[in-house]
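K.L.:
Read off the chains here:
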Amino acid sequence: MQRSVLFVLAVFSCAAASADEVYLKGGGRVSGRVVQRTATSVEIDVGAGTIAVPAKQVERIVEGRCSLDVYNDRAGALEPKDREGWAALGRWASDQGLSTQSREAYHRVLAIDPADAEANQALGNVQVNGQWMTEEAGNRARGYVQFEGQWMTPAEQQAIQSERAAADSDRARAEAEARARQAEARAEEAEARAKEAEEAQQAPEGIPLWWGWGPGPVLWPTPPRPPVPPRPPHPPRASP
Amino acid sequence: MPHRRWMGLALASLVPAIASAQTVDEIVAKHLAARGGAGRIAAIESLRMTAKARAEGGREAIVVREVKRPDRIRLEFTAQGVTGVYAYDGERGWRVSPFDGELEPRPMPPESTGSAIEFGDIGGPLVDWKAKGHRVELAGRESLEGREAWKLKVTLKNGDIRYLYLDAQSFLHVCTEATRNVAGRQIATETTFGDYRETAGVLFPRAVEIGVKGRPSRLRILVGSVEVNPVLDDARFRMPDASR
Numbered sequence: 001m002q003r004s005v006l007f008v009l010a011v012f013s014c015a016a017a018s019a020d021e022v023y024l025k026g027g028g029r030v031s032g033r034v035v036q037r038t039a040t041s042v043e044i045d046v047g048a049g050t051i052a053v054p055a056k057q058v059e060r061i062v063e064g065r066c067s068l069d070v071y072n073d074r075a076g077a078l079e080p081k082d083r084e085g086w087a088a089l090g091r092w093a094s095d096q097g098l099s100t101q102s103r104e105a106y107h108r109v110l111a112i113d114p115a116d117a118e119a120n121q122a123l124g125n126v127q128v129n130g131q132w133m134t135e136e137a138g139n140r141a142r143g144y145v146q147f148e149g150q151w152m153t154p155a156e157q158q159a160i161q162s163e164r165a166a167a168d169s170d171r172a173r174a175e176a177e178a179r180a181r182q183a184e185a186r187a188e189e190a191e192a193r194a195k196e197a198e199e200a201q202q203a204p205e206g207i208p209l210w211w212g213w214g215p216g217p218v219l220w221p222t223p224p225r226p227p228v229p230p231r232p233p234h235p236p237r238a239s240p
Numbered sequence: 001m002p003h004r005r006w007m008g009l010a011l012a013s014l015v016p017a018i019a020s021a022q023t024v025d026e027i028v029a030k031h032l033a034a035r036g037g038a039g040r041i042a043a044i045e046s047l048r049m050t051a052k053a054r055a056e057g058g059r060e061a062i063v064v065r066e067v068k069r070p071d072r073i074r075l076e077f078t079a080q081g082v083t084g085v086y087a088y089d090g091e092r093g094w095r096v097s098p099f100d101g102e103l104e105p106r107p108m109p110p111e112s113t114g115s116a117i118e119f120g121d122i123g124g125p126l127v128d129w130k131a132k133g134h135r136v137e138l139a140g141r142e143s144l145e146g147r148e149a150w151k152l153k154v155t156l157k158n159g160d161i162r163y164l165y166l167d168a169q170s171f172l173h174v175c176t177e178a179t180r181n182v183a184g185r186q187i188a189t190e191t192t193f194g195d196y197r198e199t200a201g202v203l204f205p206r207a208v209e210i211g212v213k214g215r216p217s218r219l220r221i222l223v224g225s226v227e228v229n230p231v232l233d234d235a236r237f238r239m240p241d242a243s244r
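These protein sequence lines are chains L and B, in that order.
Residue numbers for the first sequence follow this note's numbering, beginning at 1 and rising by one.
Residue numbers for the second sequence follow this note's numbering, beginning at 1 and rising by one.
To be clear, the hints were calculated from the coordinates, so they are not data collected in a lab.
Cβ atoms here follow ideal geometry from the backbone N, Cα and C, with glycine treated the same way.
Take the hints with a grain of salt, since some may be wrong.
To be verified - Only part of the chain B face toward chain L is listed, based on derived beta-carbon distances under 7 Å: (1) G57; (2) I62; (3) L75; (4) G81; (5) V82; (6) L103; (7) S115; (8) I117; (9) Y196.
Given only the sequences and the hints, what does the whole structure look like? Please build it.
P.N.:
Okay, structure coming up:
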């Protein structure tokens with residue numbers, strides 16, 4: 001899978017050169033601060049990290065104040081104990097799609113009042129027996145288990161593991177048969193592993209929009225992802 | 001008004017008797033009437049919905065969904081200042097998906113294209129379902145979170161099966177169940193619809209939740225605005241030539 005965007009985790013920087021809307025030729029857009037611009041790429045700080053866009057993909061850059069600047073100005077003017085101010089800023093950042101900043105503002109609210117319902121809900125916390133807790137703790141409290149990144153009942157986890165054990169058994173049998181045709185089997189196995197690794201890499205995280213509302217990203221954007229290292233070349237296939 | 005409540009209960013007790021007389025055509029007709037009427041739905045040539053999508057861990061995105069007859073859909077997904085575009089022009093699906101590491105227009109993966117075709121139908125599968133080549137059967141009447149609902153088995157023209165639940169009282173669409181292949185396993189997904197509000201005489205759900213049956217995680221979509229018949233150029237749905 002080719003990844004032309006370099007997502008790099010970066011410390012939030014206020015020493016930005018400018019605040020821009022970077023329009024991509026295909027219709028996408030990146031809004032943030034251009035922190036570096038060369039002949040070959042444009043690097044934009046989006047508030048949760050930086051994105052390097054190849055210059056050839058950029059249609060135009062419109063300079064101006066971005067939402068991130070407005071957030072920083074407003075946050076800088078707020079008193080640490082201003083619950084209403086931080087909550088309003090959290091709502092505003094959420095409306096701008098600035099998830100990271102919205103969470104930051106709501107964490108400020110919780111620092112003032114740990115039981116604040118709006119901030120807890122905005123941060124994805126859940127209430128179990130009157131106590132606010134993280135979604136993860138809430139799921140555990142309700143008896144769910146986490147298995148390969150998904151929350152499910154212990155029975156479902158058991159069913160998946162049983163299915164896999166059966167599949168492993170089948171695979172072992174198939175491998176034994178395949179050993180008779182050793183050369184071909186080695187090539188097939190290597191190919192299967194590469195495919196599995198690729199599928200694992202492409203497996204959706206969380207719940208994609210296309211299950212119920214329309215097309216969307218395969219991966220729900222989590223904090224910026226590091227570039228995927230290139231896959232080693234397949235071993236040469238043995239002739240039959 | 002206590003007497004009204006009692007009257008309501010008395011009417012509700014008659015529902016099972018009435019239910020047996022319901023046919024698919026009658027249920028679908030009531031559903032379309034409940035939404036505002038087949039005529040008003042047919043008058044919608046294009047739609048723009050702006051929503052906020054919220055996933056677990058407080059992750060949020062702004063989603064703008066544009067749909068235009070025939071079968072065109074474009075979805076813009078913005079998170080943390082980054083916007084991706086996912087579109088289908090009636091013939092082919094494409095995307096610019098920085099979230100998937102793609103900055104230039106590329107063909108959409110098959111599962112996403114299938115979704116684009118399905119959700120690019122402005123009226124939904126029950127409108128003119130025979131003409132569209134779908135098949136609709138009455139699969140029963142079930143209790144859904146304490147409310148009675150008609151269960152319709154919809155076999156889409158491409159063979160995919162969806163179970164649509166229509167509230168037995170309001171006849172509004174409240175849930176869709178579908179089985180999807182996820183990482184080699186068949187997963188039962190469910191999408192619920194609620195908070196119906198009127199725009200241009202037609203009811204649209206403003207709260208949508210997508211998840212896996214039996215699992216706690218949900219993707220929540222809160223629709224903030226619905227625009228009926230905005231001007232949408234066909235070019236918005238066509239795959240751009242990024243080489244120019």
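K.L.:
Any hints this thing doesn't respect? Which numbers, in order?
P.N.:
8, 9
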